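What follows is each chain in one-letter form.
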Amino acid sequence: MANANASKLSLYGGIVANIAIAISKFVAAYFTGSSAMLSEGIHSLVDTGNGALLLYGTAQSQRPPDAEHPFGHSKELYFWGLIVAVLIFAIGGGMSFYEGIKHIQHPEPLEDASWNYIVLGLSFLFESLAFYLSVKALLAQSDANVGFVKMLRTSRDPAVFASVMENLAALVGLALAGIGVFLGHLLDNPYFDGGASIAIGLLLMLVAVFLVGRTKGLLVGAGVDAPTLANLERIAREQPQVREIRSPLTMYLGPNDVIMALDVDFADNLSSTQVATAVEHLQDAIRKEHPEVKRIFIEAKNLVPPAATPAK
Amino acid sequence: MSSPGSSSKLAIYGAIVANVAIAASKFVAAYFTGSSAMLSEGIHSLVDSGNGGLILYGVHQAEKPADKRHPFGRSKELYFWALIVAILVFSVGGGMSFYEGIEHLKHPAPLSDPTWNYWVLGLSLVFEAISCFLAFKAFNADRGEAGFWETLRRSKDPSVFAILLEDLAALLGLVIALAGVYLGHLLNNPYLDGAASIAIGLLLVCVALFLIYKTKRLLVGTGVDDETLDAIEALVRAQPNIDEVGPPLTSYLGPADVILALDVEFAHHLTSEEIEDAIDKLQDAIRAKYPEMKRIFIEAKSLSTRAA
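Residue numbers (UniProt numbering), protein chains in the order written: chain A, 1 to 312; chain B, 1 to 308.
Pulled out of the complex, with its shape left as it was, chain A reads as follows (with noise of 0.2 angstroms):
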């Protein structure tokens, strides 16, 4: 699917940006001596890992099914998005808000920001670069006339939801501490750039709860959107041998993969053959408009008793 490519490309891209500014923060550490400067090295490949963690997780759900898992592995990716969560909430979130704290007990001396600036601006191109990549991901995966903070909330790809948000959420962080260290000299206050690490620790922490949110849903299982939902049924409605049915149960398992059952009532007079195919051009029917319906049961129930038979 095109999909994969853009949130595979997106994915890269953000290991990329993440390794480009993880040496630079380690040249800088280097030449300053700064030891913040060597943990927010680390926090990056920190970032990179999670990058490669998403990567991998897509990998994975792309197996397929086997005798211990019969609906295949699609849901990796969650497990996998949930577990970038919980690390950005714990070791984002939480190292940036311990080192703020460690800063603002012991503020140290102000020194020469060019090092700080330096490694901030190159750190901001590349986040951009990535954000640019991860933000192309989510379009191509939504329709076009819905608002970014709604493709945000009904992405159902880790891949690329987790992305733009930790990316956002890095960019956003980068200008934080920016405002930090060119406050903190302009007013000669050493408290300011641990107030920014805490702030910053505070986004992340934001980010990844939001994100443990999303991962959580999607793990214990979302169904389509109502739209969807209301399109399934007119499908089914259409098939000349349907005379009734129950409202679809839908279920995510990985962000192209979605398990359907359906429960029809077809015509009386139908012989089994007929029943047969009746249901094969029904699910030819779905899956020719939503391709990403895999796995659809459809199921021939009384739902409509006829007048000689009793109601059950």
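There could be a bad hint or two in this list.
[What the hints assert, rightly or not] Listed next, the in silico PhoX-like pairs over lysine-lysine satisfying Cα-Cα at most 20 angstroms (straight line):
1. Lys216/A to Lys64/B
2. Lys9/B to Lys64/B
3. Lys216/A to Lys216/B
Hints are computed from structural coordinates only; laboratory data are not their basis. Everything numeric in this text was worked out from a predicted model, so none of it was measured.
Guided by the hints, dock chain B onto chain A, whose structure is given.
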């Protein structure tokens, strides 16, 4: 397998109460000795009680009915919260013990009177043993004829296997801690306490990794075992008017909530009305034997013509 059994809930409550009692004894000891290690041990026990609370919350959430946003219900919430518990056991349980052990090795505290340590460890052993006993009872209710490891491998209910493993690890950890304190005083060696902490940390990390592995598989979706699959197929074939059966697809949503999807070719002389009745009967027959098969989807298919 019974529905989320009262014995598994009893085991969870037992684990929570035991850990609160252990935390209380550690806090009392910390108050009288002023030991910061004992204080952080107390916090550790509070986190353990919190883990029991999270599993209980998961059991509760999983029982909520299906709604628009969760058309298949929320059974998997239990697996989600069990995964969170496993991550907490890894980071807070294992990571903290390991870190404390390293700190103690770097800066060994001089040996002091171990009376308080023995009291706390002894009381903790009693509480933890009771909790472990309850967990074993819940585990054995699931077990039947199978062996311990086999049952552990097969169990689909984290409110049973996660609680049991946590209790067992805690019990073993207390024995290691006791050995560390005792040998440290016997050999007059201040390093053994820290070494015991490191060993406990490694133990908890191992248990957590196993729990993560298990809950991950359950979250991704595992099917029933081969024997059950064969039995279902046999049961379906034994019904009248069935020509052919495809291999059943199954997936656990929760310990007592399994999806089953089955392709069936019905006898050609049946009408759609009769097929609809036959499907109802087939579902009743499967549910009578496997009440955990909450959602059964039977699709009428032309299997033999496809094969031909």
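Each hint tested on the structure:
1. Lys216/A to Lys64/B: Holds, because 16 angstroms separates the two Cα atoms, which is no more than 20 angstroms.
2. Lys9/B to Lys64/B: holds, 17 angstroms
3. Lys216/A to Lys216/B: holds, 12 angstroms
Hint check: no violations occur; every hint is consistent with the structure.
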